[in-house]
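Residues per chain are reported as follows:
2 protein chains.
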Amino acid sequence: MSKGLLFVISGPSAAGKGTICKNIIKEMDIDLSISMTTRKPRPNEVDGKSYFFVTQEEFDEVKNRGGFLEYAYVFGNYYGTPKDMVIEKLNKGRDVILEIDIQGAMQVKKTYPNGIFIFILPPSMEELRKRITRRGSESLEAINERLGEALKEVSYIDKYDYCVVNENLEEAVDRVSSIIKAEHSRVTEHVYELIEKYKKEIESVKEE
Amino acid sequence: MSKGLLFVISGPSAAGKGTICKNIIKEMDIDLSISMTTRKPRPNEVDGKSYFFVTQEEFDEVKNRGGFLEYAYVFGNYYGTPKDMVIEKLNKGRDVILEIDIQGAMQVKKTYPNGIFIFILPPSMEELRKRITRRGSESLEAINERLGEALKEVSYIDKYDYCVVNENLEEAVDRVSSIIKAEHSRVTEHVYELIEKYKKEIESVKEE
Chain L
0 MSKGLLFVIS GPSAAGKGTI CKNIIKEMDI DLSISMTTRK PRPNEVDGKS
50 YFFVTQEEFD EVKNRGGFLE YAYVFGNYYG TPKDMVIEKL NKGRDVILEI
100 DIQGAMQVKK TYPNGIFIFI LPPSMEELRK RITRRGSESL EAINERLGEA
150 LKEVSYIDKY DYCVVNENLE EAVDRVSSII KAEHSRVTEH VYELIEKYKK
200 EIESVKEE
Chain P
0 MSKGLLFVIS GPSAAGKGTI CKNIIKEMDI DLSISMTTRK PRPNEVDGKS
50 YFFVTQEEFD EVKNRGGFLE YAYVFGNYYG TPKDMVIEKL NKGRDVILEI
100 DIQGAMQVKK TYPNGIFIFI LPPSMEELRK RITRRGSESL EAINERLGEA
150 LKEVSYIDKY DYCVVNENLE EAVDRVSSII KAEHSRVTEH VYELIEKYKK
200 EIESVKEE
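Top to bottom, those sequences are chains L and P. Residue numbering for the first sequence is 0 to 207, as defined by numbering that gives the first Met the number 0. Residue numbering for the second sequence is 0 to 207, as defined by numbering that gives the first Met the number 0.
Keep in mind the hints are simulated off the structure, nothing from the lab. Some hints here could point you the wrong way.
In silico contact screen, one side only, chain L against chain P (beta carbon under 8 angstroms); selected entries [stated by the list, open to error]: (1) Met124; (2) Leu146; (3) Arg174; (4) Ser177; (5) Ile178; (6) Val190; (7) Ile194; (8) Tyr197; (9) Lys198; (10) Ile201.
For glycine and all other residues, C-beta sits at the position ideal for the given N, C-alpha and C.
One chain only, chain L, in its complex shape:
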């Protein structure tokens, strides 16, 4: 059985990666990895669904035993991807999406270079500012910090395989879903099995 594929979806905060991922897992046969965080839950965020919300001590325990595929410190909080859960799914042939920030994505690129890296871009910085503002949970200073961070992040785009501009949600979801399908048609080691199969078949087929 062939392994599942790991899709790493990242991009500036408020570019819309969360909404895109939610739609992708609704439409496709793929699992979303759930991160662990020390951040306080926002209203309507559910523990074990949005994130595993943990204390700093709990987070450090996993970190210290090398239990994260990646972890990052962002805007005062830690976020990490529990390694075991992801690897187990991939080994079972399941595709997995990681929706993580740029720091995390760069770590995964080192620890799991076979991952497929997709960058979600906002249509413009002005639109990004509007989306951050609309969330309403940030101070003006925090908003400006996020925008500065976003610009720094965008310069990492050449480390990614794909970029998708999220101007229209439906179109962006369609693009990400096409990427996932297309990657399953990539020429990789599995084709050599196919070639062997054809070789075995050919003589019997020709003799008939």
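Got chain L sorted already, so can you dock chain P onto it with the hints?
Only chain P this time, still in chain L's reference frame:
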């Protein structure tokens, strides 16, 4: 304006690449390149639509002035892709599909390495034999020659970017169409223009 993408679709004869391409150009905004050939038209093949049917002299004239993106000699006939028409479309931003055999594809890989190479595979050699036989226009000897050729061709698969097994036509078309969409989201030079745009925007956006 960014250039169009060139998709090279090949695979063993009777693997179904022609039918897949016909469906793709119906569904997507992409042009199919029309080849020139010295082969005699089959019933219901139209000159200028299926192929440009030409004499050996006419073919040699284009060949001698370097007017082919690729050309090949297959089963007693010459086939070639007129270069000018393809390049002109790409420069206008149009995507182009070349439906060509393996010899041709390998030439295009040298002359146009930015092309995206898709290999169409039959589900099995037995199925391939059935499909060739069903066409009815081939002798038993020719069928066996085609099968031997198919096996040789399959070993070129690692020169391709993608492979699509044509077991179910609708699914195969969906896969090829996903590849075409996904390739438009690839991180290429055009993203640097985007980054510049964001850089210019960021200061004005932050000051507000």
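Okay, the hints, checked on the actual structure:
no. : hint   : verdict
1   : Met124 : 4 angstroms, holds
2   : Leu146 : 6 angstroms, holds
3   : Arg174 : 5 angstroms, holds
4   : Ser177 : 4 angstroms, holds
5   : Ile178 : 4 angstroms, holds
6   : Val190 : 5 angstroms, holds
7   : Ile194 : 5 angstroms, holds
8   : Tyr197 : 5 angstroms, holds
9   : Lys198 : 7 angstroms, holds
10  : Ile201 : 5 angstroms, holds
Checked against the numbered hints above, the structure breaks none of them.
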